[in-house]
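Please construct the entire structure, taking both the sequences and the accompanying hints into account.
Those sequence lines, one after another, are chains F and V.
Following the working numbering, the numbering of the first sequence begins with 1 at its first residue and continues without gaps.
Following the working numbering, the numbering of the second sequence begins with 401 at its first residue and continues without gaps.
Check each hint, because a few of them may be wrong.
To be verified - Below, simulated PhoX-like cross-link-like pairs (lysine-lysine); rule was C-alpha separation at most 25 Å, straight line:
no.	chain 1	residue 1	chain 2	residue 2
1	V	K641	F	K394
2	V	K503	F	K394
3	F	K394	V	K405
4	F	K143	F	K164
5	F	K362	F	K16
6	F	K65	F	K143
7	F	K121	F	K51
8	V	K447	V	K495
9	V	K495	F	K394
10	F	K94	F	K50
11	V	K527	F	K394
12	F	K394	V	K473
13	V	K641	V	K447
14	F	K143	F	K78
15	V	K496	V	K527
16	V	K503	F	K314
17	V	K643	V	K405
18	F	K314	V	K412
19	V	K405	V	K473
20	F	K77	F	K51
21	F	K49	F	K78
22	F	K17	V	K496
23	F	K394	F	K17
24	F	K152	F	K121
25	F	K49	F	K90
26	V	K412	V	K527
27	F	K65	F	K51
What the hints assert, rightly or not - Stretches of chain V that chain F covers, calculated by requiring three or more beta carbons in the stretch to come under 8 Å of a beta carbon on chain F:
no.	region
28	471-485
29	496-509
30	519-528
What the hints assert, rightly or not - Here are the simulated distance ranges between beta carbons:
no.	chain 1	residue 1	chain 2	residue 2	range
31	F	L36	V	P490	53 to 61 Å
32	F	V371	V	T433	44 to 52 Å
33	F	L27	V	N485	53 to 61 Å
For the record, the hints were derived by calculation from the structure and aren't laboratory data.
Note that the Cβ used here is the ideal one computed from N, Cα and C, for glycine as well.
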Amino acid sequence: MFHVFIKELVELLRDKKTLFFIIALPLIIFPVLFGLMGAVVANVAIDEKKKVLNYAIVNGNEAPKFAEDLLYHRDFKKHDIELSGEAEIKAAIKNGEVDVVIEVSKEHLSVVNNNEQDQWKVYFNNSSQINSVRQKVNAVFDKYLASIRADKLANYGLDEQSYKVLKSPVKLKTVDTADERENFGEQVGGLLPYLLIVLCLTGAMYPAIDIGAGEKERGTLETLLLTPVSRLSIVLGKYLTIMTTGIVTALITVLSLVFWSFIIGEIAGIEVVKKVMSTVSGLDLALILLMLIPVSSIFAALLLAISIYARSFKEAQNYMGPVSMLGFFPVIVAMLPGVQLNWTWSLVPISNVALAIKEILKGTIDYVMLVSILGSTTVFAVISIVFCVHWFNKETVLFR
Amino acid sequence: MIEIKNISKSFKLSKEAKKQKKLEKSDVRQQGTHFQALSDVTFSCGKGEVLGLLGPNGAGKTTTLRILASALKPDSGAILINDENIIENPQIAKKKIGFLSTKTGLYNRLTSLENIQYFARMHGMSKSEIAEYGEGLYQQLGIEPYLHRRVDTLSSGMLQKVSIARAVIHQPDVIIFDEPTTGLDIMATEAILEFIQSQRDLGRPVIFSTHHLDEVSLLADRLAIINDGRTCFTGSVDALKLKTQEEDLRKAFMQSLSFSEEA
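Written out as structure tokens, the structure is:
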């Protein structure tokens with residue numbers, strides 16, 4: 001088993017594709033891609049913030065103060081255009097003539113004077129993910145509302161403070177008993193296991209295909225099976241190799257994330273990143289790594305069994321899509337709101353590990369439950385290995 | 401000595417194979433959902449003897465050799481190496497047989513030496529044993545200059561020689577080569593034929609399958625001809641010529657395929 005394991009590792013380390021997937025991708029390419037994505041999004045957000053909105057106002061004479069505030073606001077540029085009716089307004093926005101149209105009600109002044117509630121309309125294209133139109137219009141609108149409110153309050157002999165008391169005589173203040181770490185764990189804890197578990201699967205996929213179906217296709221498997229080493233030893237050697245690559249991929253990615261987060265936190269002085277970094281201890285990382293072992297073990301056995309069943313490298317690749325779903329689904333289930341780690345969930349493979357990692361990050365893990373998680377996952381992994389050995393003994397599978 | 405007695409082997413047909421076999425309606429070996437690859441194969445190869453295994457494509461040569469090497473289990477029959485039935489204990493076969501398949505079976509990303517050492521270790525050899533026996537073997541096959549080169553940089557002749565070293569590094573009692581010279585140039589072929597002769601001189605039984613009748617004339621002490629999964633002739637080249645009344649080995653071989661039972 002040891003000879004098989006060492007040989008497989010040496011071969012994989014000499015393979016450029018494997019090195020790319022295990023080392024280059026998580027260490028350099030992922031951070032560069034995420035960095036580029038972040039830079040692009042940040043630039044778009046900055047551009048959007050700086051953008052001067054072309055606006056048109058309908059019935060502006062009914063709200064002269066508001067119209068004046070807009071006219072002199074640096075974020076807005078008035079576009080003199082006659083618009084009547086919703087269809088025309090929508091067409092003007094669609095054609096790009098204006099970015100936003102504010103339609104003041106026709107009898108705004110009299111409605112306000114009669115102490116009735118009025119309604120205006122704001123037209124803009126809200127389909128863009130990064131859109132500051134609403135925010136910018138609200139800023140001017142809130143100022144206008146405050147001025148009307150102040151006039152009204154003065155009429156009743158009230159000031160702003162009295163208004164606040166009238167509006168909500170009792171304020172309900174929320175005191176969050178969850179500490180910073182728990183909140184962080186709840187927010188990030190769903191995403192991190194997803195990333196780690198998926199990496200364990202994807203990192204193991206290529207080596208599994210290569211040392212199973214690939215070896216079958218190249219004819220080396222037949223030669224290997226003619227040596228007096230037991231099938232169990234061969235399976236275990238290959239299985240350990242796949243498991244190792246899965247864990248190493250996840251580990252390198254975590255280290256890469258920690259490293260780049262640290263660099264970004266230090267250089268950019270981002271407090272959030274620094275806080276996040278300080279909440280995760282070495283013990284937490286060790287526990288998370290421990291949790292990845294049984295998950296990788298299940299994936300390794302499953303992938304090897306499928307890879308051995310396949311006639312060729314290409315056929316094995318075709319099978320990997322549905323297998324990926326088998327790996328992703330339990331993690332997605334664990335991310336659903338309300339799904340918490342309990343004794344029942346601790347028995348569900350993969351989901352239990354995703355939930356446990358979340359609890360570890362929150363600092364609320366019940367250590368006794370870890371035994372149940374490791375136990376159930378080990379049982380599942382052993383069943384997968386037995387299945388794998390069974391297939392290694394089947395002529396119909398080996399010589400398909 | 402290795403004796404093969406009444407070996408039979410059938411395979412369950414896959415859907416694709418069934419379709420293919422339906423197209424080839426003439427194949428009498430298809431029996432329902434199964435394909436009778438071998439129905440009665442019998443021959444033997446004594447100490448210091450070279451046996452040439454002949455037969456047309458699809459006759460069952462590779463299946464026979466795979467069974468001898470214990471890669472496949474026969475449905476019935478016996479294989480005896482020095483009177484020990486290896487079907488009951490395939491581990492013995494794996495230790496006693498050196499098998500070279502039609503594919504070189506080498507790991508491309510390892511060097512020639514690493515490949516040989518890996519298989520030697522899988523046969524339980526120690527480092528010193530590998531070094532001791534390997535030295536002479538590498539010299540004999542002329543693979544010393546490229547022992548430290550990665551296999552994916554070698555020519556087909558070099559690959560086959562390394563593959564032979566890999567197959568016999570554990571000093572097997574019986575050597576089985578499946579079409580060892582296919583696709584090789586004259587120089588490489590010559591070296592491999594010389595190696596087979598040297599193994600005969602060492603007293604090892606050598607079974608090799610081939611389509612090259614000139615190699616058979618040159619090397620084989622005896623022949624076993626298989627057709628449609630049955631042995632249709634065993635004996636020396638001269639015996640075959642005598643039986644078929646043909647001086648030309650090619651013609652004698654063609655005629656032997658019509659023999660219903662072993663002579």
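Status of each hint after checking the structure:
| no. | hint | result |
| --- | --- | --- |
| 1 | K641(V) to K394(F) | violated, 42 Å |
| 2 | K503(V) to K394(F) | holds, 21 Å |
| 3 | K394(F) to K405(V) | holds, 24 Å |
| 4 | K143(F) to K164(F) | holds, 17 Å |
| 5 | K362(F) to K16(F) | violated, 38 Å |
| 6 | K65(F) to K143(F) | holds, 10 Å |
| 7 | K121(F) to K51(F) | holds, 22 Å |
| 8 | K447(V) to K495(V) | holds, 17 Å |
| 9 | K495(V) to K394(F) | holds, 21 Å |
| 10 | K94(F) to K50(F) | holds, 21 Å |
| 11 | K527(V) to K394(F) | violated, 33 Å |
| 12 | K394(F) to K473(V) | holds, 10 Å |
| 13 | K641(V) to K447(V) | holds, 24 Å |
| 14 | K143(F) to K78(F) | holds, 19 Å |
| 15 | K496(V) to K527(V) | holds, 20 Å |
| 16 | K503(V) to K314(F) | holds, 19 Å |
| 17 | K643(V) to K405(V) | holds, 23 Å |
| 18 | K314(F) to K412(V) | holds, 24 Å |
| 19 | K405(V) to K473(V) | holds, 14 Å |
| 20 | K77(F) to K51(F) | holds, 10 Å |
| 21 | K49(F) to K78(F) | holds, 18 Å |
| 22 | K17(F) to K496(V) | violated, 38 Å |
| 23 | K394(F) to K17(F) | violated, 30 Å |
| 24 | K152(F) to K121(F) | holds, 22 Å |
| 25 | K49(F) to K90(F) | holds, 23 Å |
| 26 | K412(V) to K527(V) | violated, 43 Å |
| 27 | K65(F) to K51(F) | holds, 23 Å |
| 28 | 471-485 | holds (count 3) |
| 29 | 496-509 | holds (count 11) |
| 30 | 519-528 | holds (count 5) |
| 31 | L36(F) to P490(V): 53 to 61 Å | holds, 57 Å |
| 32 | V371(F) to T433(V): 44 to 52 Å | holds, 49 Å |
| 33 | L27(F) to N485(V): 53 to 61 Å | holds, 56 Å |
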